[in-house]
Amino acid sequence: MRFKIPIFDVKNLSFVVRGQNILSSISLEIFNGEYIAIIGPNGGGKTTLIRLLLGLEKQTFGDIKIYGKNIKNFKEWKKIGYVPQRASLVDASFPATVLDIVNMGRISQRKFFSSMSIQDKEAVQDAMLKMDILELQDKMVGTLSGGQRQRVMIARALASKPEVLILDEPNTGVDIVSQKNFYALLSKLNKEENITIIFITHDVGVIADDIGRLFTINQKAIVCNNPKEALSCEEMSVLYGIEAHLLHNHKHEH
Amino acid sequence: MLEIFEYDFMQRAFFAGMIIALLASVSGTFVVLRRYSMISETLAHSALVGVAVGLVAGFNPLWMAVGVALLSAWLIEYLRSYFSLYSDAILAILLSGSLATAVIIVSLGGAFNNSLFSYLFGSILSVSNEDIITILVFGSIAMVLLLTFSKELYFIAYDEEVAQTSGIRVKLLNFLLVSVVAIIIALSIRVVGSLLIGALMVIPTIAALQYRVGFLKTVLLSIAFALLSVACGMILSFYFSLPSGATIVLCVISIFIVSLVINKK
Chain G
1 MRFKIPIFDV KNLSFVVRGQ NILSSISLEI FNGEYIAIIG PNGGGKTTLI
51 RLLLGLEKQT FGDIKIYGKN IKNFKEWKKI GYVPQRASLV DASFPATVLD
101 IVNMGRISQR KFFSSMSIQD KEAVQDAMLK MDILELQDKM VGTLSGGQRQ
151 RVMIARALAS KPEVLILDEP NTGVDIVSQK NFYALLSKLN KEENITIIFI
201 THDVGVIADD IGRLFTINQK AIVCNNPKEA LSCEEMSVLY GIEAHLLHNH
251 KHEH
Chain C
1001 MLEIFEYDFM QRAFFAGMII ALLASVSGTF VVLRRYSMIS ETLAHSALVG
1051 VAVGLVAGFN PLWMAVGVAL LSAWLIEYLR SYFSLYSDAI LAILLSGSLA
1101 TAVIIVSLGG AFNNSLFSYL FGSILSVSNE DIITILVFGS IAMVLLLTFS
1151 KELYFIAYDE EVAQTSGIRV KLLNFLLVSV VAIIIALSIR VVGSLLIGAL
1201 MVIPTIAALQ YRVGFLKTVL LSIAFALLSV ACGMILSFYF SLPSGATIVL
1251 CVISIFIVSL VINKK
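Heads up: the protein sequence lines correspond to chains G and C, in order.
Per the working numbering, numbering through the first sequence is continuous, rising by one, with the last residue being 254.
Per the working numbering, numbering through the second sequence is continuous, rising by one, with the last residue being 1265.
Looking at chain G on its own, in the form it has when it is part of the complex (with noise of 0.2 Å):
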């Protein structure tokens, strides 16, 4: 049997703030190449565990892994991009054209004094060219759409290469065909790109084909391997609430 390394694995992770339980227990993996949705009530926790994930808040009990290393020790964060809830709301007056937000993407790896490399432009062109604004790159990013700010936002979250995308509630503030289009392109870069995806929404139904695995959290977490079922399992997680349930995918072996 072949032993493999979850990207995250988060075992009895508790997060208390002034004495109020915001996430109670929660223990779980997330394995490379997996399509996550996480859905729950507002205040249940998503958001809560997402920061959790990317270092921005800590932990009142508990461990976080990331690819093996416990999160304190764990340097490699060009591997995870990340697009918050925010993203496509951005401040219509900020200088930067699309060019500039997806240039940022490379920052935190080059080294002082070095303007940006080949690769660096290469990763650049490449992330704009996947997410189809190439024409747009000159432009103020105030001056686009929600759905387009959208796709500026992951085009810089891809130009770091990562190999895990997180998204918080990306389609605040986008049109319905542009919501469409953007999860068929999320299939893709699961698909074709083998990029880990992991994003809080709403849109369960329209999703359920293309995700592997459902997290449902409220303040618990219970964790769902067919979406289909995702309505049961809500119901379950509202009903049972605080009732925490870790079903082993068996796409994986571990």
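No lab work stands behind these hints: they were computed from the structure.
On a predicted model such as this, the values are computed, not experimentally measured, just so you know.
Mixed in with the good hints, there may be bad ones.
[To be verified] Within a straight-line C-alpha distance of at most 25 Å, the following computed PhoX-like cross-link-like pairs (lysine-lysine) qualify:
hint, chain 1, residue 1, chain 2, residue 2
1, C, 1217, C, 1264
2, C, 1264, G, 139
3, G, 78, G, 11
4, G, 188, G, 79
5, C, 1217, G, 121
6, G, 11, G, 58
7, C, 1171, G, 58
8, C, 1171, G, 65
Add chain C to chain G, keeping to what the hints say.
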């Protein structure tokens, strides 16, 4: 050659003014985009405490201003992270507290005279060769630091959390930015004055933002506006015997109004 440049003091003032315009506008771009405008005002008042100590104790006021502004910048960054909900109130307390401290020190030391007035509002007559050397030394350090980390600072200004998740050391760079701003503000008070330097730092960038162009062009426009305001301000100050800082600030505000009007849709 213009009559204005026949005087040594004007040559010094112009040289110092151009360097300060460059420093203030480049750092000001990050200050504005980072929403740190109030920090620059607070640091300008803190620098005055250093000037007061320098005037009373007989040390170089500019060196003392750099030292006190740096200490104040670090205190602000610490207090802002500790009392994050009340960070604007922290700035208000430090701003008025610094000004009060400076006035008390100067009053007790019997130095409440024209020399303090020149540090409050700027004076082109008072720029010495020693000041030029101080401005060149510290200004070069500040500019090298800003240029070295400009891309990281830009990313942080755009989205601090995304910058952090991509591996950029956000806390360290925030600390560096306020330190550089503190140095530049302290250096600028000779020419522009501590009550007015905040304007030279912020307004050229606000004017440049009206043109809705990318980052590099915004920085270049901001530099051009700052240089133009300092040059016009000094010339007007020379011919009409006006305080240089106030004249420079009115020039930069005029540029801002023109930029606002011609870009109005």
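Tested hints:
no.	hint	in the structure
1	C:1217 - C:1264	holds (19 Å)
2	C:1264 - G:139	holds (19 Å)
3	G:78 - G:11	holds (23 Å)
4	G:188 - G:79	holds (18 Å)
5	C:1217 - G:121	holds (20 Å)
6	G:11 - G:58	holds (14 Å)
7	C:1171 - G:58	holds (16 Å)
8	C:1171 - G:65	holds (23 Å)
When held up to the earlier numbered hints, the structure conflicts with none and fits them all.
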